[in-house]
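Add chain B to chain A, keeping to what the hints say.
There are 2 protein chains.
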Amino acid sequence: MSTEKKQSNLDIMRHSASHVMAAAVKQIYGDKVKFAIGPTIEDGFYYDFDLGEQTFSQADLKEIEKKMKHIVKQNLKFAREDVSIKDAFEKVKDQPYKQELIKELEKEGNKKVSFYKLGEIFEDLCSGPHLESSGKIGPFKLMKVAGAYWRGDENNKMLQRIYGTAFATKEELDEHLKMLEEAEKRDHRKIGKELDLFTFSDLVGPGLPLFAPKGVAIIDELKKHIEEVCRSYGFEKVMTPHLAKIDLYEISGHATKFSEELFHVTSSRGHDLVLKPVQCPHQTQIYASHKRSYKDLPIRYMESEKQYRAEKAGEVGGLNRVYAITVEDGHSFCRVDQVKQEVINMVNIIRDFYRALGLWGNHWVSLSVRDYSDFSKYIGEEKDWDICEKMLQEVSDEMGLKAKKCEGEAALYGPKLDFMFKDAIGKEIQIPTVQLDFATPKKFNLVYTNEKGKEENPVMVHRAVLGSYERFLVLLIEHFAGAFPVWLSPIQVKIINIGADHKKYCQEVDERLRTQGIRMELDLANETVSNKIRKGEKDKIPYILVIGDKEVKNKEVAVRKRSEGDLGPQKVDKFIEQIKKEIEDKII
Amino acid sequence: MSTEKKQSNLDIMRHSASHVMAAAVKQIYGDKVKFAIGPTIEDGFYYDFDLGEQTFSQADLKEIEKKMKHIVKQNLKFAREDVSIKDAFEKVKDQPYKQELIKELEKEGNKKVSFYKLGEIFEDLCSGPHLESSGKIGPFKLMKVAGAYWRGDENNKMLQRIYGTAFATKEELDEHLKMLEEAEKRDHRKIGKELDLFTFSDLVGPGLPLFAPKGVAIIDELKKHIEEVCRSYGFEKVMTPHLAKIDLYEISGHATKFSEELFHVTSSRGHDLVLKPVQCPHQTQIYASHKRSYKDLPIRYMESEKQYRAEKAGEVGGLNRVYAITVEDGHSFCRVDQVKQEVINMVNIIRDFYRALGLWGNHWVSLSVRDYSDFSKYIGEEKDWDICEKMLQEVSDEMGLKAKKCEGEAALYGPKLDFMFKDAIGKEIQIPTVQLDFATPKKFNLVYTNEKGKEENPVMVHRAVLGSYERFLVLLIEHFAGAFPVWLSPIQVKIINIGADHKKYCQEVDERLRTQGIRMELDLANETVSNKIRKGEKDKIPYILVIGDKEVKNKEVAVRKRSEGDLGPQKVDKFIEQIKKEIEDKII
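Protein chains in written order, with the numbering used here: chain A, 1382 to 1969; chain B, 1382 to 1969.
Just chain A, with the same shape it has in the complex (with noise of 0.2 Å):
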C-alpha cells in the first residue's frame, strides 16, 4: 500500500506542477494565451495551450522553466474557492476553453464548480487537489512541446502541448530523464528500422506495419515457445474468423464496451459485419458446436489471430498502437471444481515464459479482488466469488507469489491475478493476467451436463501471457536494446569469407548450419573483413564466424561472439552442437 499512497502523492505535486507551469506561461505570455487542460500522466503532467499563431521553441521552454523556478522558490500557497456557475463563467470570460467545460459540467447537473488559485498569480478551474504550496513541488522538467487536438478531435483546433515531469527527489528525476535516454536509444521504432524488422507503407496506411522477414522470425519463434508452453497445459489450438456479425459482441457486451473502437464492414452486396475487437466471444462458439459433458471438461482453447480496434488515427504510431493487434489468447472452460488446477497451469505458463525471457524474478503479482461493500456491481453467484477468491490465495500462497490483495480490482465478471514485470531500464510491463469469467458463460448460454445429468454454466477462465505479438515485439526489441538471445534473433550466425579461395568452404558451413535449422546470413561480397564484420555487428547478429586459409584448412570456424568478441577457432561440429544447446535452452 505504500507505493499506492506515494504514488498518489508524486500525482498531486505533478497536478500542481502543471498550475505552476500554466501560471508561468500566463505570466510571460500574458492574457493572449487561453489555457485548455493540464493534467497528470504517467512520470509527468502537461498543460495545453493555444497561443494563437505563435508556438513553443525550445528556448521558450527553457524561459518557462526558469520562470516556475521562480514560482517554487515564492511558496505560493494553493487555495481552493468553490463558486456557482455563473460566478465561474465570470471568472473566465476570455477563456473559450474553459467555458466549454463549465458548461459541461453545467450539464451535469453541478450547481457549484471549484477554481484553485496559486497566490495571487494564477486561477484555474480545476477539482484538486494540489499541494499546500507551491515550494513543496520536487525537482521538475520540461521535456518537450508537441501538438495535441482540443479533446482529441482531430476536428477541433491544434493546441500546443508542452510536457513536463517531477519527482520528489533529484534522484529520482534523474535517474527518470537517464531511463528515457535509455529508451530513446532503444526505440522500437528506430532499432525496427535499423534491423529491418517492420515498415509502414503510405499506400497501405499508417497503423497497419508490414512485418519483414527477420520480424516474422521472431513472431513465429514466440508463437512456437508459447504454443508448445501451454500445448504441454493441454491447450488446443483453434482458429477463428477476424469478422462476425454484430450479434456475437451485442450479447458480449463488447458492441457497447468498444462501440466507437469496432470496425464496421460493408460492401456493395449488402453485407453488415464487424471486425472482431476481441477473441473471447469467436470460442464461446467452439465450445457451443458440441453437447458437453462433466466429463470433457477442461476444455482449452488457445489461438494467435488478430483483434480490430479503430484507434483515433492521430494516436496511432510505431507498433504500439495500430488498427490490429495479433493477440495470444486462451481460454479454459471448466468446472468450478476445476478452476484452481487451471489457474496453477496458467501461472506456470505465464512463469515458464516469462523466465525463458530472464524477466521472472523481478515481478510483483496482485490479486485482484471484488469490493466487499457492494456485490450489486458483479456478475455471477457471492458463493462462486467466495469460493474462487480463496481459491486464488490459496494458488498465491502455495505458488510463493506472494500476491498483493488490491480490493475493487476484480473485472465485472470475476477475480483475476495480474502480473507485473520491468524490463531492462525499468519501465513496467503489465501484460499477463489469469480472469475468471462467471458472466461470458451465462450470457452465451455455455452448459455441460453435471455428474447429475443436470445443465451447468462452465466457469471460463481467461489467460493473457505475452498478449500481443505486435506490443511484446516493443517490448523485446526495448529490454533487449534489438541484442536479441540467440533463439530469438532473426539472423543468428552470419558467415564471412576471408578471401576468393574461402567462398566454397563458407558454403559448405552454411549449408550445414541451415539444414540444422539455424538462420543463417551469408556474406561472401568483396569488401574488406572488418568492414563485413562491422555490418554484422550492427545488425547484433549474436556469432559471426569468419574463415580464411586456416579454417579450411583445419576444417573449423573462426567464432566472433557478440559482446564478448573473438573466441578463437572452433570445429564445426562444435559449434553447432553448442549453438543448437544454447537455442534449444534458450540462454539469454
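None of these hints come from the bench; they were simulated from the model. Nothing here was measured: the structure is a model prediction, and the numbers come from that model. Some hints could be false.
[What the hints assert, rightly or not] Okay, derived cross-link-like pairs now, DMTMM-like style, lysine to aspartate or glutamate, Cα gap no bigger than 20 Å in a straight line: (1) B:Lys1618 x A:Glu1575; (2) A:Lys1525 x A:Glu1446; (3) A:Lys1919 x B:Asp1677; (4) A:Lys1916 x A:Glu1575; (5) B:Lys1605 x A:Glu1965; (6) B:Lys1605 x A:Asp1601; (7) B:Lys1605 x A:Glu1602; (8) B:Lys1916 x A:Asp1677; (9) A:Lys1605 x B:Asp1677; (10) B:Lys1884 x B:Glu1908; (11) B:Lys1676 x A:Glu1902; (12) A:Lys1618 x B:Glu1686; (13) A:Lys1808 x A:Glu1487; (14) B:Lys1824 x A:Asp1583; (15) B:Lys1921 x B:Glu1945; (16) B:Lys1808 x B:Asp1424; (17) A:Lys1693 x B:Asp1653; (18) B:Lys1595 x A:Asp1583; (19) A:Lys1415 x A:Asp1431; (20) A:Lys1595 x B:Glu1608.
Just chain B now, with coordinates in the frame of chain A:
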C-alpha cells in the same frame, strides 16, 4: 487439343438437352410456364422455370425425364432462325424473362436475334449452337431441383432450376453418377462435422468458419510443410496486415477488378479502409521499403494470411465459398535472367508438395502463352514476353512437364504455367500456378539498381501451391474421405485400456508418445473395448493401441492399423520409431 474439342461437343449436346428439358416441361405444364435461361455448366446443364406458385417434386422430375426420352426418340430437328427484334418480341409475347433478354440484346445494338426451334414443339431465344436433332443426345439424367433467383439477384423472383447431366455414352454417365455418389459420401461438410474439424455459428454468421482443434492440426501441418519446402528454395516469410487504404488497390487495379467483392471498413471515428482482396500489393510494399540492388535479387516472400471477398450471401456455403480465405501466397522479385531458375524452383516446390500427397503424376500442365495476333492487350515489352515464354517452354522440356501450349491463355500481365491434378474420385483440382508478371512492379514503381547503376523494374513471379487452406482442406477431406495420412491426421494414435488395471500404463505410453510430438487420444472411459475401437475407427484414427494384461507385462502395445486391422503386439520403442518415420516421410 482433342480433349478440348470433345468437351465442346459435349457442351453442345448438353445445351441441346436443356432445350429438350424445356420442351418437355412445356408439353407437361403448358402455357403457364415462363422460361428463363438454360445454359450448360460443368458436368451438365440446367434450365430455370417460373411455374408461379407450383413447385417441381421428385416425381415431376421423373415425368419430365420420361417426356424427354420420348422427345429424343422422336429425333426432332434443331433449326436456327434469325429474326428482327420486332419479330422476336412477337414470338415471346407471353414470356417476360425472354422479353427482358431481348431488350438487352436490342440495347447492345443488335438488329436481329436468333431462335432455335426443336421440331414444332418448342422454340427458344438462343445463339446456339445445337445438335442436328434431338436423337443425337446421349444418355442423360435429371439430378435435382433448386431455387435460383432470376439473374442471381436476391431482389428478383425466385425461380425453379432443374439440373441435369448428359454424357456421350452410358458408361460415362454411370461413372459420373457413381463419382457423385462417392463425392456425396465424401462431402467435406459431412466429414468435417463427423471429425469435428470446423463449425459454423449463427451468431458469427455464414461464410465464417470456426476451426476446431482437429481442423487446425491439419492446417498447421500443411503450413509447416509448405513453409519448410519453400524455405529450402529461399522463400522468407512476411506478415502483412489485412487492411489497407483503397489507394493500394487503385494502383494495383484490384479496386476495379473486385469492386463488388471489396469489403469496406469504416468506423464512427472516420476510418475508411478496405479488407485486402489479394496479397500481392502488400508484399510489393515490403520490397519497396528499401533500396534494392541487382545483387539483392531474387527476393522471395511468402505468407499465409487471410484475403477477403464479399461473396454473394446466397452463394456462401461450407468451406468452398467463404468470406475470408487463408491464402498461402508467394512471390519472387527477380531479374529477367533469374526468371528461369525461379520458375524451376517453384515447379520443384509444387512437385514436392503434391508428391507428398500422392497427387503428382496424375496431372497435366498448361503453358499459357499470349495471343500472338495481338500484343496490344498485354502489359510489358514484347521482347521480355519472348524471352519468358521461351524460357517457360525450356523449363517444361528440361523438367519433363510436357506442358500443353495454350495460346491466348496467358494473364494480361504475363505468361504462366498451370497445373491440373485429379483427386481420388476423378475431380479436377486446378490450384498450383506459376505466373510471370511484368506489370505489377511497374505499377508500384518497384526498382533495383542494375550493374550499370541504372534503375530497372524487377519481374514479379507469382506462385500458388496449395491456394487457400480452407479450400485445400475441402480437397483433402474429399480426396482422403477423412482418412488422412498419418502426418496430417488430427489424432494420430488412440490408446485404449482393457481394464482399470491398465490405466496407469496407458497414461505412461500416452505421455511417451505425446512428448515425441505425436497427436494422441487417451480413451480410458468405462466402456467396452470394441466400443472404443469402433469410435476410433469412426474417427478414422490411423493407429489404435490396445493395452491389457499382456501388454502391461511385456511393456508392449497391441497395434491396430486403420484399414489393415490388428497388427499384433509391438514394443513401444519400435512403434514410436515406426510411426515417427511414417510421419517424417509423409507416407500415404
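Lys1808 (chain A) and Glu1487 (chain A) were given as a pair; does the straight-line alpha-carbon distance stay at or below 20 Å? Distance of about 40 Å is beyond 20 Å: violated.
Lys1921 (chain B) paired with Glu1945 (chain B) [C-alpha distance capped at 20 Å]: holds, 12 Å
For the pair we were handed, Lys1605 (chain B) and Glu1965 (chain A), check the Cα-Cα distance against 20 Å. Measuring from Cα to Cα gives roughly 19 Å; hence the hint holds.
Hinted pair, alpha-carbon criterion (20 Å max): Lys1605 (chain A), Asp1677 (chain B). Please report holds or violated. violated, 29 Å
Hint consistency between Lys1618 (chain B) and Glu1575 (chain A) [alpha-carbon to alpha-carbon, up to 20 Å]: Holds, because 19 Å separates the two Cα atoms, which is no more than 20 Å.
Does Glu1908 (chain B) lie within 20 Å of Lys1884 (chain B) when you go C-alpha to C-alpha? holds, 13 Å
Decide if the proposed pair is consistent with the structure: Lys1595 (chain B) and Asp1583 (chain A), CA atoms, cutoff 20 Å inclusive. With Cα atoms ~40 Å apart, Lys1595 (chain B) and Asp1583 (chain A) exceed 20 Å; violated.
So if I understand the rule, the pair passes when the alpha-carbon distance is 20 Å or less; does Lys1808 (chain B) with Asp1424 (chain B) pass? holds, 11 Å
Quick one, are Lys1916 (chain B) and Asp1677 (chain A) close enough, alpha carbons at most 20 Å? holds, 16 Å
Sort out whether Glu1446 (chain A) lies within 20 Å of Lys1525 (chain A), counting only the CA atoms. holds, 12 Å
Is the straight-line distance between the alpha-carbon of Lys1916 (chain A) and that of Glu1575 (chain A) 20 Å or less? Distance of about 11 Å is within 20 Å: holds.
Within a Cα-Cα threshold of 20 Å, do Lys1919 (chain A) and Asp1677 (chain B) meet the stated pairing? Distance ~19 Å between Lys1919 (chain A) and Asp1677 (chain B) Cα, so the pair holds.
Violated hints, in rising order: 9, 13 and 18; the structure is consistent with all others.
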